[in-house]
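Visitor: Chain residues, written in single-letter form:
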Amino acid sequence: GAGVSQSPRYKVAKRGQDVALRCDPISGHVSLFWYQQALGQGPEFLTYFQNEAQLDKSGLPSDRFFAERPEGSVSTLKIQRTQQEDSAVYLCASTLGGLNTEAFFGQGTRLTVV
Amino acid sequence: RKEVEQDPGPFNVPEGATVAFNCTYSNSASQSFFWYRQDCRKEPKLLMSVYSSGNEDGRFTAQLNRASQYISLLIRDSKLSDSATYLCVVLGGSGTYKYIFGTGTRLKVLA
Chain C
52 GAGVSQSPRY
62 KVAKRGQDVA
72 LRCDPISGHV
82 SLFWYQQALG
92 QGPEFLTYFQ
102 NEAQLDKSGL
112 PSDRFFAERP
122 EGSVSTLKIQ
132 RTQQEDSAVY
142 LCASTLGGLN
152 TEAFFGQGTR
162 LTVV
Chain X
-15 RKEVEQDPGP
-5 FNVPEGATVA
5 FNCTYSNSAS
15 QSFFWYRQDC
25 RKEPKLLMSV
35 YSSGNEDGRF
45 TAQLNRASQY
55 ISLLIRDSKL
65 SDSATYLCVV
75 LGGSGTYKYI
85 FGTGTRLKVL
95 A
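Just so you know, the protein sequences line up as chains C and X, in that order.
Numbering (the numbering used here) for the first sequence: 52 to 165.
Numbering (the numbering used here) for the second sequence: -15 to 95.
For the record, the hints were derived by calculation from the structure and aren't laboratory data.
No residue lacks a Cβ here, since even glycine has one placed at the ideal position from N, Cα and C.
Where hints are given, some of them may not hold.
[Unchecked claim] Distance windows between CB atoms, simulated:
#: 1; chain 1: C; residue 1: Q135; chain 2: X; residue 2: T2; range: 24 to 32 Å
#: 2; chain 1: C; residue 1: D114; chain 2: X; residue 2: E(-13); range: 31 to 39 Å
#: 3; chain 1: C; residue 1: Q131; chain 2: X; residue 2: G38; range: 42 to 50 Å
#: 4; chain 1: X; residue 1: A4; chain 2: C; residue 2: S58; range: 37 to 45 Å
#: 5; chain 1: C; residue 1: A104; chain 2: X; residue 2: N49; range: 30 to 38 Å
#: 6; chain 1: X; residue 1: Y35; chain 2: C; residue 2: Q134; range: 37 to 45 Å
#: 7; chain 1: X; residue 1: P(-6); chain 2: C; residue 2: S113; range: 17 to 25 Å
#: 8; chain 1: X; residue 1: Y54; chain 2: C; residue 2: Q134; range: 32 to 40 Å
#: 9; chain 1: X; residue 1: D23; chain 2: C; residue 2: Q131; range: 26 to 34 Å
#: 10; chain 1: C; residue 1: A104; chain 2: X; residue 2: Y54; range: 31 to 39 Å
#: 11; chain 1: X; residue 1: R43; chain 2: C; residue 2: G67; range: 48 to 56 Å
[What the hints assert, rightly or not] Computed cross-link-like contacts, DSS-like style, restricted to lysine-lysine with a CA-CA straight-line distance of at most 30 Å:
#: 12; chain 1: X; residue 1: K29; chain 2: C; residue 2: K129
#: 13; chain 1: X; residue 1: K29; chain 2: C; residue 2: K62
#: 14; chain 1: X; residue 1: K82; chain 2: C; residue 2: K108
#: 15; chain 1: X; residue 1: K(-14); chain 2: C; residue 2: K129
#: 16; chain 1: X; residue 1: K29; chain 2: X; residue 2: K92
#: 17; chain 1: X; residue 1: K29; chain 2: X; residue 2: K63
#: 18; chain 1: X; residue 1: K29; chain 2: C; residue 2: K108
#: 19; chain 1: C; residue 1: K62; chain 2: C; residue 2: K129
#: 20; chain 1: X; residue 1: K(-14); chain 2: X; residue 2: K92
Pulled out of the complex, with its shape left as it was, chain C reads as follows:
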């Protein structure tokens, strides 16, 4: 595809519900990142994959958050038992990998937990 694609664009979940957010990176991009962005804040790192390997998950806020990229392409971020504090925009980015490479972002999924 032409760019990073995320779905759904908007998600409203009832507190306690599980959600799954999908990211389709740019074809051939090795690295994939998930970020959480609260209103008025910069993107906060959640986790990072190189191909199918999850190399860093230090930013995941709790064990309710889980990410996978089983075939080294599409990635899913799953949030179990959603809480109101999980409401944010979840951004996915992909890169060719290495240093000095541009990170291309998807349009994000806006999650609202009610």
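Assemble chain X onto chain C, guided by the hints.
Guide: Below, chain X alone, put in the same frame as chain C:
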């Protein structure tokens, strides 16, 4: 202390003004530096990479000072269309390849 710090602003400047933003980072092993631009309710997009020697792209100039661990962005002859949030981004250091973002600096250019 956050790894990447920026003044959140907002900076309100008249059209044609010159405005400068600074950003500091805490990890001295960081290896790559960028400025991203984010419009309201849109995704961040790369504005420019920042090189040790400094670099310029039209009205935009970026500088890196490794000794003091800060990065700057200068915008000359501001346009209304420059109104956005400018995010300072640092990559790498200690074997990590994650992009660390600052909070962002809001710029509003006034007619």
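Visitor: Taking the hints in turn, state whether each one holds.
Guide: We went through each hint and held it up to the structure:
1. Q135/C x T2/X: 24 to 32 Å: With Cβ atoms ~43 Å apart, the hint is violated.
2. D114/C x E(-13)/X: 31 to 39 Å: Check failed, 23 Å falls outside 31 to 39 Å.
3. Q131/C x G38/X: 42 to 50 Å: 47 Å, holds
4. A4/X x S58/C: 37 to 45 Å: Holds, at about 39 Å.
5. A104/C x N49/X: 30 to 38 Å: The hinted range 30 to 38 Å holds for A104/C and N49/X, with Cβ atoms some 35 Å apart.
6. Y35/X x Q134/C: 37 to 45 Å: Since the Cβ atoms of Y35/X and Q134/C sit about 42 Å apart, the hinted range of 37 to 45 Å holds.
7. P(-6)/X x S113/C: 17 to 25 Å: Given a distance of about 33 Å, which is not inside 17 to 25 Å, the answer is violated.
8. Y54/X x Q134/C: 32 to 40 Å: 37 Å, holds
9. D23/X x Q131/C: 26 to 34 Å: Since D23/X and Q131/C have Cβ atoms about 32 Å apart, the given range 26 to 34 Å holds.
10. A104/C x Y54/X: 31 to 39 Å: The hint (31 to 39 Å, Cβ to Cβ) holds, given that A104/C and Y54/X are roughly 33 Å apart.
11. R43/X x G67/C: 48 to 56 Å: 50 Å, holds
12. K29/X x K129/C: Satisfied, since the Cα-Cα distance of roughly 25 Å is no more than 30 Å.
13. K29/X x K62/C: 23 Å, holds
14. K82/X x K108/C: 10 Å, holds
15. K(-14)/X x K129/C: 26 Å, holds
16. K29/X x K92/X: Holds, at roughly 18 Å.
17. K29/X x K63/X: Answer holds: K29/X to K63/X is near 18 Å, not above 30 Å.
18. K29/X x K108/C: Cα-Cα ~23 Å, so holds.
19. K62/C x K129/C: 13 Å, holds
20. K(-14)/X x K92/X: Given pair K(-14)/X, K92/X holds - Cα atoms ~25 Å apart, limit 30 Å.
Going down the numbered hints, you'll see the structure goes against 1, 2, 7, while the others check out.
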